[in-house]
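Asker: One-letter residues, chain by chain:
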Amino acid sequence: MSHDSPAPARRSSTGLWVAIIVILLPAVIIPLWVPLYDKSDPTLWGFPFFYWFQFALILMSAVLTVVAYLISLVADRRRRGEGR
Amino acid sequence: MSGIAVTVFVFLFLVVTVLGFAAARWRRADLDSLDEWGLGGRGFGTFIAWFLIGGDLYTAYTFIAVPATLYAGSVVGFFAVPYTIVAYPIIFVFLPRLWSVSHRHGYVTPADFVEGRYGSRTLGLAVALTGILATAPYIALQLVGIQSVLQVAGFGGSGNWFLKDLPLFLAFAVLAAYTYSSGLRAPALIAFVKDVLIYIVIIVAVIYLPHKLGGWGHIFSSAGDSFDTANKASVAAGQPPTKGLMPPPTLHWAYASLALGSALALFMYPHSVTGVLSTRNRGVIRRNAALLPAYSFLLGLLALLGFIAVAAGVKVSGNPPNPQLAVPQLFENEFPSWFAGVGYAAIAIGALVPAAIMSIAAANLFTRNIYRAYFRPDATPREEAQVSKIVSLVVKVGALVFVLALSRSFAINLQLLGGVWILQTFPAIVVGLYTRWFHRWALLVGWAVAMVYGTWAAYGVESPTQKHFGGPLVNFPFTETKFYIAGIAFLINLLVTIVLTIAFRAAKVDPGVDQTRGVDYTADLGDEEVEVELDPSRPAHA
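Chains A and B, in that order, are what the protein sequence lines are.
Taking the numbering used here, the leading residue of the first sequence gets 1, the next gets one more, and so forth.
Taking the numbering used here, the leading residue of the second sequence gets 85, the next gets one more, and so forth.
Possibly wrong hints are sitting among the right ones.
Cut-off 25 Å, straight-line C-alpha distance, at most; resulting in silico cross-link-like pairs (BS3-like, lysine-lysine) [what the hints assert, rightly or not]:
| id | chain 1 | residue 1 | chain 2 | residue 2 |
| --- | --- | --- | --- | --- |
| 1 | B | LYS399 | B | LYS316 |
| 2 | B | LYS327 | B | LYS316 |
| 3 | B | LYS399 | B | LYS327 |
| 4 | A | LYS39 | B | LYS327 |
| 5 | B | LYS296 | B | LYS399 |
| 6 | B | LYS327 | B | LYS551 |
| 7 | A | LYS39 | B | LYS316 |
| 8 | B | LYS566 | A | LYS39 |
| 9 | B | LYS566 | B | LYS551 |
Derived contacts from chain B toward chain A, CB cut-off under 8 Å, selection only [said to hold, decoys possible]:
| id | residue |
| --- | --- |
| 10 | ILE169 |
| 11 | LEU329 |
| 12 | MET330 |
| 13 | LEU344 |
| 14 | ARG371 |
| 15 | PHE381 |
It is worth saying that the hints were derived from the structure and are not from the lab.
What you are looking at is a predicted structure, and each value in this text was computed from that prediction instead of being measured.
Backbone N, C-alpha and C define an ideal beta-carbon position, used for all residues, glycine too.
Kindly produce the complete structure, drawing on both the sequences and the hints.
Answerer: Pasting the structure below:
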């Protein structure tokens, strides 16, 4: 059988991709969960909660995407390390 | 508009024109192939791609229309913010796969990929036609954006229609000329100017105007008071109250489905794909997924200009009043005249970048998936580039005629439909990046059913001002909950595709030949067979 060394390498890179999806999931789900943030209080610098919370979500999703990007670098390196 | 504002506006416009023509010499190459003319040589790095894709997605029309909805008291328009939040994590995952397979096989358009993946010219044609149909009204709306600015700025004589629209003609003739000569390099270079201007104008606007008007707290409360007064007036007139600062609980699903549906559709638009395929490698796309939210922040602030305009007591002209004039009118009333000129220029130039990329993307679709697929299977790269250049002109002239000859609300209706239509290519494109399980004919039927349903559903929406195409929301089937039409059509599309795939597979209907291999989807620059610059004369489906 030929899948002696590629198989474990592939599994580890797949695991990283699962991690990436899990990290990115909140950035997709929370903005769509409208009842969570459809309220006026607490306000911040005069902004009702509805507005400033969504601005905060932009920052959160950017940070999560950076983390996902760093993990994807490792995943790509592992994939290349499969001896191709 | 004062002489100073006109001077600033014209000066900035001239700078951009010079840049547009000079772009032909930037990263110099022979522009006689689609890879060079239509994709800028597929070599843009993170920095350029950020400006290009940002300039491409956040259009002048967005900058006019999103604050307009808030100005009109319809807070659901703020869905543009969650929409652009949700889009990037999603594209982070699937777009690098599209980049890889396109680079390996020389695909220029999303329809090229679908054609190669499913071995079906017909399915490729369906995707291409959807793309062209969805993009054309979008280009027309960029013109509407420029028109709004010119109207408030008082440009153009008030005499006959020709003099009135002369500035618009000039702007578009110039745009058409440099797109023709420089291809994607022109909007890439102009995007720098556009985005820098937009960022400056918005940052100044959201700091200076609240300071002048008594702070954000005051802006929100006076906008809220103004909406309450309007609501009392509607109730007194026997109509339901519609305005507010917060979405009512009945519209939560509408808000979320608009955000998700638009996010999934965003990178199905051919011009977004063009931007993505012009990048140098997979890392550029992923880094941009993390960097592009800066534009979402900008868009959110910009949307709030709608409330600022209410608080500043901006009155718009037109009968019924046209809320799309709110932002330009706000600039006119509140900014010193030279800075109002910068603001107008930012919006007008902001229309040119996406209009150029959209016309290039539509032209590439026509060339690859109609002209070459059906009429000239052995067209040379040179011939392809020539056809694309000419079609890009035709598309722009078409958009111009569209806006001038037909009503602007017709363009807006079609753009609404465009969003519904383009999402229906998602199963073929994105699911196709992961699995070949869907049957090509099942995808085609699913697409067709969803297109018909979506168009019919949108036709049936009434609003106070329009009998048809009055909005993007209908009741979700068998419920009383408002939902985005594109989302319902998409679910129907998936359902039909899955059921028919099972049926066609059981009946052993020919599934077609797949030109791609598993490794194609993860290939990156530096891998075997992935060259820095593609050889344009190499057969595309080698």
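Asker: Quick one, are LYS327 of chain B and LYS316 of chain B close enough, alpha carbons at most 25 Å?
Answerer: Between LYS327 of chain B and LYS316 of chain B the Cα gap is close to 10 Å, so the pair holds against 25 Å.
Asker: So, ARG371 of chain B near chain A? Judge it on the closest CB pair being under 8 Å.
Answerer: At 6 Å from the nearest chain A Cβ, ARG371 of chain B passes the 8 Å test, so the hint holds.
Asker: Between LYS399 of chain B and LYS327 of chain B, does the CA-CA distance stay at or below 25 Å?
Answerer: holds, 17 Å
Asker: What's the verdict on LYS399 of chain B and LYS316 of chain B, does the C-alpha distance respect the 25 Å limit or exceed it?
Answerer: holds, 19 Å
Asker: Minimum Cβ distance from LEU344 of chain B to chain A below 8 Å?
Answerer: It holds, given that the least Cβ distance between LEU344 of chain B and chain A is near 6 Å, below 8 Å.
Asker: Does the nearest C-beta of chain A fall within a distance shorter than 8 Å of the C-beta of LEU329 of chain B?
Answerer: holds, 6 Å
Asker: Are ILE169 of chain B and chain A close enough, Cβ to Cβ, to be under 8 Å, as the hint says?
Answerer: holds, 5 Å
Asker: Take the shortest C-beta to C-beta distance between MET330 of chain B and chain A; is it under 8 Å?
Answerer: This hint holds: MET330 of chain B lies near chain A, its Cβ roughly 6 Å from the closest one there, short of 8 Å.
Asker: When you check the alpha-carbon spacing of LYS296 of chain B and LYS399 of chain B, does it fall within 25 Å?
Answerer: Distance of about 18 Å is within 25 Å: holds.
Asker: Do the alpha carbons of LYS327 of chain B and LYS551 of chain B lie within 25 Å of each other, as the hint requires?
Answerer: Given that 25 Å is the threshold and the Cα spacing comes to 21 Å, the pair holds.
Asker: Does LYS316 of chain B lie within 25 Å of LYS39 of chain A when you go C-alpha to C-alpha?
Answerer: holds, 22 Å
Asker: For a C-alpha distance cap of 25 Å, please report whether LYS566 of chain B and LYS39 of chain A respect it.
Answerer: Holds, at roughly 20 Å.
Consistency with the previously given hints is maintained throughout, with no hint failing.
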